[in-house]
Amino acid sequence: MALPQQLTLPVDPPSEVETLAESLRAHWPSIMAARVKAQEQLVFLRSELDELIPHSTNMVVFGSLGRYEFTAESDVDWTLLIDAQADTQHLDAALAIERRLEELNVKKPGRERTFGGLTVSHDLLHKIGGEDDTNRNTTQRILLLLESVPLGSDSRAYDGVVNNVLKRYVQEDVEGAGLDSPFKVPRFLQNDIARYWRTVAVDFAYKRRLRARSGWALRTAKLRMSRKLIYAAGLLACYACETDAGSARPHDPDAVLQVVGRLRQLVRQTPLDVVARTVLRYPALLEAGAGLFSAYDGFLALLGEGESRRRLSELRPDEADRDPVYAKVRDLGQRFQDALTRMFFDADTPLRDLNRKYGVF
Amino acid sequence: MALLGFSTGSVARADFRAAVATLRGSATSAIELSALRADELGPLLEAYAELDLSPYRYVSVHAPSAFALSDEPAIARALLPLAHRGIPIVVHPDTIHQHALWRPFGRLLLVENMDPRKPAGRTAAELAGVFAHLPEASLCFDIAHARRYDTSMLEAYRILSCFGGRLAQVHISELDSDCRHRRISPAAIRAYREVSALIPRHVPVIIESDVAAGQVDAELAAARDALGWNRPRRARLDRPGIARRGGASIGTLGRARRNCA
Chain L
86 MALPQQLTLP
96 VDPPSEVETL
106 AESLRAHWPS
116 IMAARVKAQE
126 QLVFLRSELD
136 ELIPHSTNMV
146 VFGSLGRYEF
156 TAESDVDWTL
166 LIDAQADTQH
176 LDAALAIERR
186 LEELNVKKPG
196 RERTFGGLTV
206 SHDLLHKIGG
216 EDDTNRNTTQ
226 RILLLLESVP
236 LGSDSRAYDG
246 VVNNVLKRYV
256 QEDVEGAGLD
266 SPFKVPRFLQ
276 NDIARYWRTV
286 AVDFAYKRRL
296 RARSGWALRT
306 AKLRMSRKLI
316 YAAGLLACYA
326 CETDAGSARP
336 HDPDAVLQVV
346 GRLRQLVRQT
356 PLDVVARTVL
366 RYPALLEAGA
376 GLFSAYDGFL
386 ALLGEGESRR
396 RLSELRPDEA
406 DRDPVYAKVR
416 DLGQRFQDAL
426 TRMFFDADTP
436 LRDLNRKYGV
446 F
Chain Y
2 MALLGFSTGS
12 VARADFRAAV
22 ATLRGSATSA
32 IELSALRADE
42 LGPLLEAYAE
52 LDLSPYRYVS
62 VHAPSAFALS
72 DEPAIARALL
82 PLAHRGIPIV
92 VHPDTIHQHA
102 LWRPFGRLLL
112 VENMDPRKPA
122 GRTAAELAGV
132 FAHLPEASLC
142 FDIAHARRYD
152 TSMLEAYRIL
162 SCFGGRLAQV
172 HISELDSDCR
182 HRRISPAAIR
192 AYREVSALIP
202 RHVPVIIESD
212 VAAGQVDAEL
222 AAARDALGWN
232 RPRRARLDRP
242 GIARRGGASI
252 GTLGRARRNC
262 A
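Chains L and Y are the protein sequences, given in the same order. Okay, so the first sequence: first residue is 86 according to the numbering used here, each after it adds one. Okay, so the second sequence: first residue is 2 according to the numbering used here, each after it adds one.
Any given hint could be a false lead.
[Unchecked claim] Taking lysine to any residue and the SDA-like style, the derived pairs with C-alpha atoms no more than 25 Å apart in a straight line are:
no., chain 1, residue 1, chain 2, residue 2
1, L, K413, L, A386
2, Y, K119, L, S132
3, L, K313, L, G444
4, Y, K119, L, T173
5, Y, K119, L, A178
6, Y, K119, L, E136
7, L, K313, L, R394
8, Y, K119, L, V128
9, L, K313, L, A157
10, Y, K119, L, S238
Hints were generated in silico from the structure; no laboratory data involved.
Input sequences plus hints: build the corresponding full structure.
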């Protein structure tokens, strides 16, 4: 898609990835290309769709575009996030956006689609836990925090919902559990991120059975790489609440907002930036970080090649052992997992202790 | 004693004389003379010298909130003599188009953060752009506007963290869904308390809630409650020296605590 001439590329997201690449003298062409492509796509979508997005709402994009990992083969998963008075025009606006996306030939998500249509802020904010917190609601909430970008004339609805959701988690830990300081790992949030990850992993097996193994290999690749990356970034954001506390005063009346503000800064970054930021902070992670980014670069290269992606979409489990594309997926997944294991369990950093304390039990 | 009072507009809309009369005898030490519509400014300026403002230790004037671009020089010229007398002037950032007209007000120009309907000046990032053009200007922090923008109060926290050094006055009320000023509810009190520690006690507070004469005392009590004035404060926030009527001691704190652009 051509980039409109009159528009300039946004400067966001602030990139820790580039800093890490420079620091390691590494070259991750697919990661960098995907970031540029995501920025171009966001500029294009904003130019085409902003006028359709009502005040007090935001169109929010998720998935590879939300992570700034957009490739030629990527689709666009989105929702119209409502944080306003009820208005019959909200559905009309969502339908108009859908029609415009079709006219623009923007690729739709397949059956994996998590979003689409309308999302109302109240369910995301007030149904954290309990019977009404469906898989869909949990997934939307966590992805809103960890891989989303708002579109619209401003980002007020999106910012308000994300800020309130984060505050809900932090406040619950402090006021509900009687913590003496909010400058600790936010367990409520961390447990919800862990729940999301486990749900994705369990649903993977469920979908494999339900869909007669159709699309199994592509889902496997995403589970091993991009879904796992989100989980890792979520954990690192939670751990940073404790490791970044510095000289924070735990009894400041505004301590909760300090932590919410810190978390907001972190989740505003892409998952890869959150990981890169951690690697840059702890030199003991540099080697593992290099391995992780190299594997992820290979993953994005694979997803960006139409032929490989199609092969993964069509591959049956009984063909996997002798398929060269799937062999690559397996290798990349193993290298990615090895790097995460070194980062979280082996390297001598505070992450290891935090992981012992919070990671499992 | 803390500086707390009402905007004349909250008590009697455009009738500032009636508002001054209504507030006489109330437990207020501050007042904001409101000329929200451009045609209210002339009468207010003409009457200013005759108004009995002796009960107040802090007086400010709210500039019109909407006017034609061509009227901006005349309005700035009309208000500047008040600033020369040490009277702080509260302005909405979306009304400022010619920054050079307003720079002579220096620290006595109080830029107010806006509600979500406005196109500018709503967030810390947007205010940073305004202060870049008006480096000497101070902040009138409207806590209700900030809450209406972001009910989590994180944006309010950001504005106060970024521009606490510029803080010269606070507006307090509650906004309804149409952004009209209403009386402060218990929910708003709870929200405002989350950031009240960032508001030094010497900063004048002006109530903008729409109140009848019989509701003045109750609204004063609600404002004190929301600001945490009924509780002991941390010493780090109790800094002396802020605007007195006719004085020019606004903004004696550091001008900017961090880059919020």
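Exercise. Is the straight-line distance between the alpha-carbon of K119 (chain Y) and that of A178 (chain L) 25 Å or less?
Worked result: Holds. K119 (chain Y) to A178 (chain L) sits at ~22 Å (cutoff 25 Å).
Exercise. Do the alpha carbons of K413 (chain L) and A386 (chain L) lie within 25 Å of each other, as the hint requires?
Worked result: It holds: about 11 Å lies between the C-alpha atoms, which stays within 25 Å.
Exercise. Quick one, are K313 (chain L) and A157 (chain L) close enough, alpha carbons at most 25 Å?
Worked result: The given pair, whose Cα atoms are some 22 Å apart, holds under the 25 Å limit.
For this session: Compare the distance between the alpha carbons of K313 (chain L) and R394 (chain L) with 25 Å, and conclude whether the hinted pair is satisfied.
Result: holds (19 Å)
For this session: Decide if the proposed pair is consistent with the structure: K119 (chain Y) and T173 (chain L), CA atoms, cutoff 25 Å inclusive.
Result: holds (24 Å)
Problem set entry | Given pair status - S238 (chain L), K119 (chain Y), alpha carbons within 25 Å | Holds, at about 12 Å.
Problem set entry | Given pair status - G444 (chain L), K313 (chain L), alpha carbons within 25 Å | Holds - the C-alpha atoms of G444 (chain L) and K313 (chain L) are around 14 Å apart, at most 25 Å.
For this session: For the pair supplied as a hint, K119 (chain Y) and S132 (chain L), confirm whether the alpha-carbon distance does not exceed 25 Å.
Result: Satisfied, since the Cα-Cα distance of roughly 22 Å is no more than 25 Å.
For this session: Starting from K119 (chain Y), check that the Cα of E136 (chain L) is at most 25 Å away, please.
Result: holds (17 Å)
Problem set entry | Hinted pair K119 (chain Y) and V128 (chain L), Cα distance within 25 Å | Satisfied, since the Cα-Cα distance of roughly 24 Å is no more than 25 Å.
When the structure is compared with the earlier hints, no violation turns up for any of them.
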